[in-house]
Amino acid sequence: MNHSIIKKITQAIAFNIFRIMSVILVAILFSILAFIVYRGASYITWDFITKMPEEGMTKGGIFPAIVGTLSLVAGSMIVAFPLGVCSGIYINEYAPENGFKRFIKLMTNNLAGVPSIVFGLFGMSLFVNTLKFGDSIIAGSLTLGLLALPVIIRVTEEALKSIDKTYREASYALGATKLQTIVKVVLPMSMPNILTGLILSIGRVSGETAPILFTVAAYFLPKLPTSIFDQVMALPYHLYVLSTSGTNMEESRGMAYGTALVLIIIVLILNLIANIIRHFLMKKIKHK
Amino acid sequence: MIEAKNLNLYYGAFHALKDINLKVAEKSVTALIGPSGCGKSTFLRTFNRMNDLIPGVKIEGDIIVDDENIYQKGIDVDRLRKRVGMVFQKPNPFAKSIFENVAYGMRVNGISNEKVIKEAVEQSLKQSALWDEVKDSLKKSAYALSGGQQQRLCIARALAVEPTILLMDEPASALDPISTAKIEELIHELKKKYTILIVTHNMQQAARVSDFTAFFYMGSLIEYDLTKTIFTNPAKQQTQNYVTGRFG
Chain A
872 MNHSIIKKIT QAIAFNIFRI MSVILVAILF SILAFIVYRG ASYITWDFIT
922 KMPEEGMTKG GIFPAIVGTL SLVAGSMIVA FPLGVCSGIY INEYAPENGF
972 KRFIKLMTNN LAGVPSIVFG LFGMSLFVNT LKFGDSIIAG SLTLGLLALP
1022 VIIRVTEEAL KSIDKTYREA SYALGATKLQ TIVKVVLPMS MPNILTGLIL
1072 SIGRVSGETA PILFTVAAYF LPKLPTSIFD QVMALPYHLY VLSTSGTNME
1122 ESRGMAYGTA LVLIIIVLIL NLIANIIRHF LMKKIKHK
Chain B
16 MIEAKNLNLY YGAFHALKDI NLKVAEKSVT ALIGPSGCGK STFLRTFNRM
66 NDLIPGVKIE GDIIVDDENI YQKGIDVDRL RKRVGMVFQK PNPFAKSIFE
116 NVAYGMRVNG ISNEKVIKEA VEQSLKQSAL WDEVKDSLKK SAYALSGGQQ
166 QRLCIARALA VEPTILLMDE PASALDPIST AKIEELIHEL KKKYTILIVT
216 HNMQQAARVS DFTAFFYMGS LIEYDLTKTI FTNPAKQQTQ NYVTGRFG
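From first to last, the protein sequence lines are chains A and B.
Mind the numbering: the first sequence is residues 872 to 1159 in the numbering used here, read in order.
Mind the numbering: the second sequence is residues 16 to 263 in the numbering used here, read in order.
To be clear, the hints were calculated from the coordinates, so they are not data collected in a lab.
Mixed in with the good hints, there may be bad ones.
Mimicking PhoX-like on lysine-lysine, the simulated pairs with C-alpha atoms at most 25 Å apart in a straight line are [said to hold, decoys possible]: (1) A:K972 <-> A:K1032; (2) B:K154 <-> A:K1155; (3) B:K206 <-> A:K1055; (4) B:K133 <-> A:K1036; (5) B:K133 <-> B:K155; (6) B:K88 <-> A:K1055; (7) B:K20 <-> B:K105.
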């Protein structure tokens, strides 16, 4: 057989393998989604998302868990976003190239690999017990914030690094200080990429169960929080409760699928909002 | 008045500029030419201390700008950079509106009177021959402009902080011939008011826009004279070879 035919066949085989792999991946994702929609969709009613749970969580809604998850997402982002962006700026813009910087970067990477249950235990011992916040939104938000921190730091760092040095030079050349250059030129240009990190963190934070287990999540609490020192229910934990330790698991199975679907929808909506903001900023700074 | 006296510059162990002595004529255009890596851009960047940003740079000797050695202790580098404007190789407007790009230099230097800023923006855009094209779209993103317009915007941005010296680092090398012609025309106009130093790889451009030309080779200043002399009757064989395109 001649050489060019062999090359063509090899190519066809390789690309078809890639194609099959991608299709399998998409199929898996879709079947998970379809399964949850199939089992949960019929439970999603207005009452389900606006009412308190009733009768041992076999009836009623999941409103407090939705509110709880939203407040934890908001709280953790309020903690992690400024902290992460500032650290990212420090690492990329200010920290001198030395062992200390390498150490910080290594630790940031390690932090990203710590299992979330360890964050949960740490949060319990520091925020709940030592700082005496008790099981509360603030303790949960701080713990989830810590979990999100490494991603935000890394993404900020990479986003800043990707800005061509010519923009910094142009700013310096006009008599701007380093701080002015970072705040007015570099940061606005990196914002879309930093927001990508935020989107990823929101997705992760809203679905985490382990970090909130010992720091905020309530098993059953049919009322809304009134302050950041209150406990709340949260969707992932509620889902866990309904499927492993509810009062009547057969009865509440449908509720569990409904809860899973709501959680997925919330994550999708949050991602969508962040993506719209990102797209809007991108359009503003697009450079041909 | 600007002058380099016994200037030596090192990137770590690499001796990038070797004992440069050069007096720049005011309100005229001086072209810096030479093959890639000869040190002409590095030399240009000593005048607004842009090399300070590179770690491991060591500078010896003096650079005099307006009777002041800009490398002496206690020099306010931000103030120096206000007096010495710079235009870069690739158009690099900020991710802001056309107006805010030009206003940027004034804002970071503490000017907050909107009326003053507005007048200066208009003045600078007129000087860079861009005003007529953008006066109705000042609020639009700078990235809506063409490459040539962006470069003239960058020139306007540099002019807005009222420098006396303008450093141009291959300002037309990323532009098409028509935009290049506009930039060259502009340089011709600007030298009535500013002292201009321009790095260029384009011999014809150097011949067209400059009054004086300095030829650099391997970190040394080989020859510095009237542009006419450099291109028609240079004193050194090396210069002759370079400007006629026999090497480099």
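Comparing the hints with the structure gives:
Between A:K972 and A:K1032, the direct Cα distance comes to roughly 15 Å. Compliance with the 25 Å bound is thereby established for this hinted pair. Taking the CA atoms of B:K154 and A:K1155, the gap is about 12 Å. The hint holds against a cut of 25 Å. Pair hint B:K206 plus A:K1055 does not hold up; C-alpha atoms about 31 Å apart against a cutoff of 25 Å. Between B:K133 and A:K1036, the direct Cα distance comes to roughly 28 Å. Violation of the 25 Å bound is thereby established for this hinted pair.
Restraint check: the Cα-Cα separation between B:K133 and B:K155 comes to about 16 Å, which is no more than 25 Å; the hinted pair holds. As the CA atoms of B:K88 and A:K1055 are separated by approximately 28 Å, the hinted pair breaks the 25 Å bound. For the given pair, B:K20 sits about 30 Å from B:K105 by alpha-carbon distance, which is inconsistent with the 25 Å threshold.
Of the numbered hints given earlier, the model fails hints 3, 4, 6 and 7; all others are met.
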